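Novice: The chain contents come next:
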Amino acid sequence: MMTETAQRDETPVLAIKDLRIQIGGLDVVDGVSLRADRGRILAVVGESGCGKSLTALSILRLLPKAARIAEGRIELEGTDLAHLPEKDLEDIRGNQASIIFQEPIASLNPLMRVGAQVEEALRLHRGLSHAEAQREALAMLVSVGIPDPQRRARQYPFELSGGMCQRVMIAAALICRPRLLIADEPTTALDVTIQAQILDLMKRLRDEVGTSIIIITHDMGVVAEMADDVAVMYGGRVVERGPVDTIFAAPAHPYTHLLLATVPRLDGHRKSALRTIEGIVPGVDQWPKGCRFRSRCPLATDVCARRPSLDPVDATGHAAACWHKDRLREIA
Amino acid sequence: MTNPGSTLLSVRDLKIHFPIRGSQGGVVKAVDGISFDIPSGRTVALVGESGCGKSTTAYGIIGLEPVTSGSIQFEGREIAHLDKQSRRALATDIQIVFQDPSAALNPKMAIGDSIGEPLVIQGWRRDERKQRVRELLDLVGLPEAYAERTPNALSGGQRQRVVIARALALSPKLLVLDEPVSALDVSIRSQILNLLMELQKELGLSYLFISHDLSVVRHLADDVIVMYLGTVVEEGGAEALFEAPQHPYTQALISAIPLPDPRAQRSRERIILKGDLPSPLNPPTGCPFVGRCPIRIEPCGTIRPSLQPVPSGTRAACLVRAPATLAA
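Residue numbers (the working numbering), protein chains in the order written: chain Z, 1 to 332; chain E, 1 to 328.
The hints are simulated quantities; they were obtained by calculation from the structure and are not laboratory data. Remember, predicted model here, so these are calculated numbers, not experimental data. Yeah, the Cβ is synthetic: ideal placement off N, Cα and C, and Gly gets one too. Be careful, since some hints might not be right.
Simulated restraints on C-beta separations [unchecked claim]:
1) Z/Leu111 with E/Arg126: 54 to 62 angstroms
2) E/Lys274 with Z/Arg306: 51 to 59 angstroms
3) Z/Asp207 with E/Gly301: 33 to 41 angstroms
Given these sequences and hints, build the entire structure.
Specialist: Here it is as structure tokens:
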């Protein structure tokens with residue numbers, strides 16, 4: 001196993017640097033930097049409106065029309081995707097980097113047989129013949145655990161269950177053996193027993209194909225299950241990042257700390273009052289100046305009106321953007 | 001308040017079937033012969049995955065789905081087949097809170113009017129209504145001034161408080177909660193769960209709690225009923241059911257929930273089921289779980305197991321784990 005330092009020195013598969021995304025002049029993603037390392041899983045976690053999905057969409061330049069990248073670099077093995085011409089992006093999507101979404105049925109073409117949808121990237125990017133592509137697609141359907149793949153390949157998405165459709169999406173996303181897979185809430189629409197299957201599959205394929213994975217989720221359980229590294233987002237910014245064990249065992253940002261404490265746990269005390277985070281998630285136009293969590297933070301003081309930088313907590317890559325890291329035990 | 005512990009609602013052999021139109025015909029047995037009690041002042045949770053029949057059961061109880069057969073008794077009175085008028089009278093005793101508060105509120109109606117609407121239907125006077133709406137807002141932790149606002153001025157969590165206030169307007173004894181926090185942000189869920197626990201204590205309410213989120217269920221519920229394909233596969237006290245689940249489906253369901261603790265999660269034994277839920281149009285003949293069961297034996301394909309007590313304190317419908325049915 002690689003040591004943590006050796007790991008970090010290597011060029012990352014993806015490096016997002018100071019990304020700013022605007023919608024209608026508002027910074028909905030504000031100075032986000034992330035890195036995905038070879039063969040590792042990075043979880044980006046946060047609540048609705050924190051900017052995690054926009055960040056994910058921006059990597060392959062799939063942002064909705066209203067949103068635009070105002071600043072920053074998105075480097076996939078050194079190539080800056082943020083400023084790449086559209087036609088060059090087409091060579092990258094589905095080939096070097098792929099994305100899967102929350103609603104597999106909505107992401108598949110309803111009028112196209114699922115086998116053909118898995119083959120498409122191969123024919124597009126590898127120039128394989130129909131027969132060759134078909135053979136590889138079938139092998140891929142087998143490896144994502146689709147029973148009776150020959151029959152299934154000829155079916156349309158509506159004939160498959162949600163879990164089965166997500167397997168097809170994963171097969172299509174990984175058929176060209178991309179360096180990076182972006183998974184935006186890939187199991188949120190699925191039942192828990194199916195979620196367990198899909199998460200297990202993603203980890204197995206990471207091991208076999210060596211693909212780096214960025215998983216976007218709001219579920220701390222999914223983070224714990226999947227991630228090697230974690231980035232916690234709030235108000236369009238990364239407020240904390242680090243190795244998964246550190247983030248859960250010793251969070252340094254009050255938001256991370258509280259988020260972990262509010263969730264009822266299978267191994268927690270029953271019927272007790274749960275920890276709460278005061279207030280509501282503010283809308284994009286209502287974020288406070290300075291630290292954006294300060295309107296809900298029990299530790300907030302005047303200094304929080306200035307923006308805290310994402311400073312290292314230790315040498316393992318753990319960093320948090322908070323003026324009051326040393327006072328965390330006050331809310332414990 | 002009824003005596004704590006006495007049976008408030010009693011469901012016996014409830015079936016809710018949906019005929020399928022078209023040439024092929026057939027029937028979907030969404031709920032297929034389930035029985036359970038809700039004791040006064042307690043929380044009974046119905047859990048299971050999509051299509052298991054948990055929501056249909058709830059809708060049958062509040063009269064939103066017609067009951068095919070079986071009995072539903074509220075305080076000893078049969079309510080499975082009420083006419084419109086009796087159903088309306090029953091609204092003072094049983095109310096429901098749905099998953100998505102935005103869809104449950106009229107976007108053009110002031111919050112106060114939404115909360116007061118059940119009172120209008122029951123013929124309350126205007127000044128009495130106003131007073132009651134104030135009490136209700138206070139009860140769910142919203143400022144009085146919110147009565148004048150419309151839902152779009154409120155956050156998701158605040159809207160769910162409004163929906164809960166409206167459900168409590170007529171002081172019901174039983175509240176059906178259909179995934180009440182699933183549509184809310186994670187940091188807001190605990191606020192609503194705490195509110196529900198406080199209200200239960202304060203008002204002696206009984207809850208029928210429908211959820212797919214077992215961590216939430218374990219936190220709130222006194223009794224848990226696990227459904228699969230329209231039937232109950234295991235039931236029992238929350239403590240016993242989560243501590244020592246006996247049915248292989250319950251075990252898989254609990255083991256599928258990832259713990260928010262990476263170290264514990266890595267050392268945990270996981271059961272990953274193969275395959276999907278079978279189509280309710282074409283359920284297996286024997287045990288409904290037979291197709292995905294890791295411990296099935298030959299008779300499971302033909303014999304439908306009934307609920308039998310197991311030593312750990314729950315009741316399970318499984319020929320292997322609760323084998324009394326073999327002798328029967």
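Novice: Going through the earlier hints one by one, which of them does the structure break, listed in rising order?
Specialist: none
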